[in-house]
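Chains as they are written, first to last, in full-length UniProt numbering: chain W, 1 to 467; chain S, 1 to 467.
If you're looking for bench data, these hints aren't it; they were derived computationally from the structure.
Built from N, CA and C at the ideal position, the CB exists for glycine as well.
Keep in mind that a hint or two might mislead.
Stated by the list, open to error - Just so you have them, the derived chain W footprint on chain S, three or more residues with Cβ under 8 Å:
| no. | segment |
| --- | --- |
| 1 | 99–106 |
| 2 | 177–183 |
| 3 | 206–213 |
Number of protein chains: 2
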Amino acid sequence: MESEYRYQQLENWLLQGILEQRWRLGERLPSIRTLCQEQGLSKATVQHALQRLEAQGLLEARPKAGYFVALQPDGVKKPLSRARIEAPRPVSVSDLLLDIMRRSAAFDLLPDLHSGDLPPGIVALNRSIGRSLRRQKGEDYQYYDEPAGDRQLREQLALHAARRGWSVSPEQLCITSGCQHALFLALMACCERGDVVAVESPGFYGVLQLLEQLELRVVEVPTSAESGMDIDALEEVLERWKVRACIVSPAFGTPGGALMPLASKQRLLALAERHNLAVIEDDIYADTAQGSAPDPLKALDSDNRVILCSSFSKCLSRDLRLGWVSGARWHDRIQHLKLVTQLASSRYLQQGVAEFMADGGFSAHLRRQRNELRVNRDQLIAELHAWPGEVRVTAPQGGLAVWVELPEHVDTLSAYGEGLEQGVVITPGPLFSVSGQFANCLRISFAHPWNASRTRALRRLPELLRV
Amino acid sequence: MESEYRYQQLENWLLQGILEQRWRLGERLPSIRTLCQEQGLSKATVQHALQRLEAQGLLEARPKAGYFVALQPDGVKKPLSRARIEAPRPVSVSDLLLDIMRRSAAFDLLPDLHSGDLPPGIVALNRSIGRSLRRQKGEDYQYYDEPAGDRQLREQLALHAARRGWSVSPEQLCITSGCQHALFLALMACCERGDVVAVESPGFYGVLQLLEQLELRVVEVPTSAESGMDIDALEEVLERWKVRACIVSPAFGTPGGALMPLASKQRLLALAERHNLAVIEDDIYADTAQGSAPDPLKALDSDNRVILCSSFSKCLSRDLRLGWVSGARWHDRIQHLKLVTQLASSRYLQQGVAEFMADGGFSAHLRRQRNELRVNRDQLIAELHAWPGEVRVTAPQGGLAVWVELPEHVDTLSAYGEGLEQGVVITPGPLFSVSGQFANCLRISFAHPWNASRTRALRRLPELLRV
């Protein structure tokens, strides 16, 4: 955070205090004078930070009285509904849900591509790729890259993991065409047709589609939008049915951005060992963490059974189509499957990205993005706070979306079509399960800035959803 | 061919005459004076063309007597051995063969990447991609491309097909990560585990690996290195066993570069209809044709059962990782499988390639490459002609390799390891079948220019192979 301005440091510190409930909803913050003295800052700096938090709806300025906590993300009413445990079943995703999935992959309330300025991180990234193209020499273009992927990129990814505090060697990584491709290879490597796979509910719809295509059966494990997969429920599931693999996203998984506590991770791994499960970890949101990225489950994997899958799509660019997998005991098979189904990845592209990472461009991009995502998230939560009726919402410390639970009578799926007619893409709750549950829930993304047209779309939702 | 020099036109015309046996091995060509008169060319132009053909080993200049045909590609002894028909079986590819496959994908006798100048076509291609990156705007990078792929690229591919004389609409195309990926999606879409798939023998090893991973059974159909799959043999196979799909490469398929005659194509399609087969056409070598690219099987597909698979890897760059598939009645399922297993392809990359095609860069590249490949091929055949013992070799009118049949005692597989120690990568015949046949055969590629080190490697082969 060395590149931050002093007002940003104060802003972060105050925000952290609100999140940690040092100051609770309605409480008064220390005075401007106190803040100046304690933090060694000028009055202008302190005021700037307070005004920014006020603009984000987190503080309320009361004349002559000071700044009060107006919204307390952790204090926002949390979602209640839990999935039921049901017997394993084949997956069949309807055409309507497929249509919604396709549109929802953009994480946007608006349906079309939008122009505007590219963020500096993407400009730098594209320059790096361009340089890599110009550096291509001789007959390089005549050769396929090795199936594991470019060595330099794997080294950079290993360094990136090391900075986060866990250790993976370049040999333990295989480059893929994105995280979905990594999940596909992982499932192909450790499951056979008809096997049962345990997933989060609500959880990532892309996994449900994979299970359908690979003819695997699914058992949904109730998952808290705050703390991830319910390990008690998982234990019950494992005792009742023979499960081959379990897919989890401990770090800010979609839809709610839950963060799995360390104790749950440890219990999960102990269960995996006892029941001989393959654990597939979807780590794609780790780098969207507001604080430091949490350790992956894989860092605790002493039994070599956690397959980590990730990509650059959520933290850098969805158009790179570059991901990676660390396949534990299935790694050789995964790498072979990549070779057989796709031969290789683009060498020039991987080298361009590797150089972008080596130059520090990726870290700088993540820092900028983190600040932007926090602002986007807080504005969204402030907006939701103002909705009529009982609205429950997660306040994730990472990820790109919140999970919103609305009163029982709301039917988000039936509002989808009407939304499209009005130029608003909503992501209804039933998408995140095959059980038909979560009809009164939806995911709302804060991946994009709340410009005028997006804010208009957001403000149209209560009426559209008949909240 | 409008951009060719006049000597090149004459050179092509003479070459065509030699290939069509207008002048046979040992015969004298028309005199320089006759050629000048008949073709309306200057003496210098005629001499230039003749000298070039002499340098390629196709003509021999005899002082005071004129130019004689020294080598007659179609007159080179043709390979004889045919595969046996054996019952369908599961595929199991050994580790040794896997290692060979990985190295052989480079189509090179030398093991390492080499420097040198990039061909102008690749320089132009990379510039186009760079421009496309710089044109990326606003939040484009935040969105996934549509699963079918970039519209502009699919339009360019449709135009490219139209120039070749057959018709496909952009809606009938889906962009993939290369031809292997297209073949994978095609097999996943039309087969189920345990199904029997008919393949060419000898044929593309990548297909055998796919069948292994998808747990499909293979039946090998004897295939001529000159005219492709033996349709009589296919008919016998279809009468004896229930076959779900048939994979063929009618245009210059590896290893021998065979060209399937029109009558065989028509019989194949009639058989496919009678036995309700899916026909998967690997069209990846079509654009390496020395003359105009032959119609694909797909152009004759009135019953909507030919899945065409192709990519830019053999005719432009192996490092693009861009291919396409036109999936006939299975197209929707193929496109859905692409979405589920990989979400999308890079938009900026597709747009860069589309622009390269629209600018005429691709056509120009193909023209240049065609000439280079012809020279490479003819030099290779001339070299093989000088080998001791009975050497039989194909003289393909396209593709990147010849199929060489050596005396029975030769064991190409056992020479592979020794070759590696000497820095020579050979591609042994047994790679192209699961039957253990073709021990005395090998594929030799002419994709790369015969520079000094490659020529040295080539000349080491007779001793290495104990010919």
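If you look at each residue in the segment 99–106 of chain S, do at least three have a Cβ nearer than 8 Å to any Cβ of chain W?
With 3 residues in contact (Cβ-Cβ under 8 Å with chain W), the coverage given for the segment 99–106 of chain S holds.
Examine the segment 177–183 of chain S: at least three residues should have C-beta closer than 8 Å to a C-beta of chain W.
holds (count 4)
State whether the coverage of the segment 206–213 of chain S by chain W holds or is violated, taking the criterion as 3 or more residues with Cβ-Cβ distances under 8 Å.
holds (count 5)
Violated hints are absent here; each numbered hint is respected by the structure.
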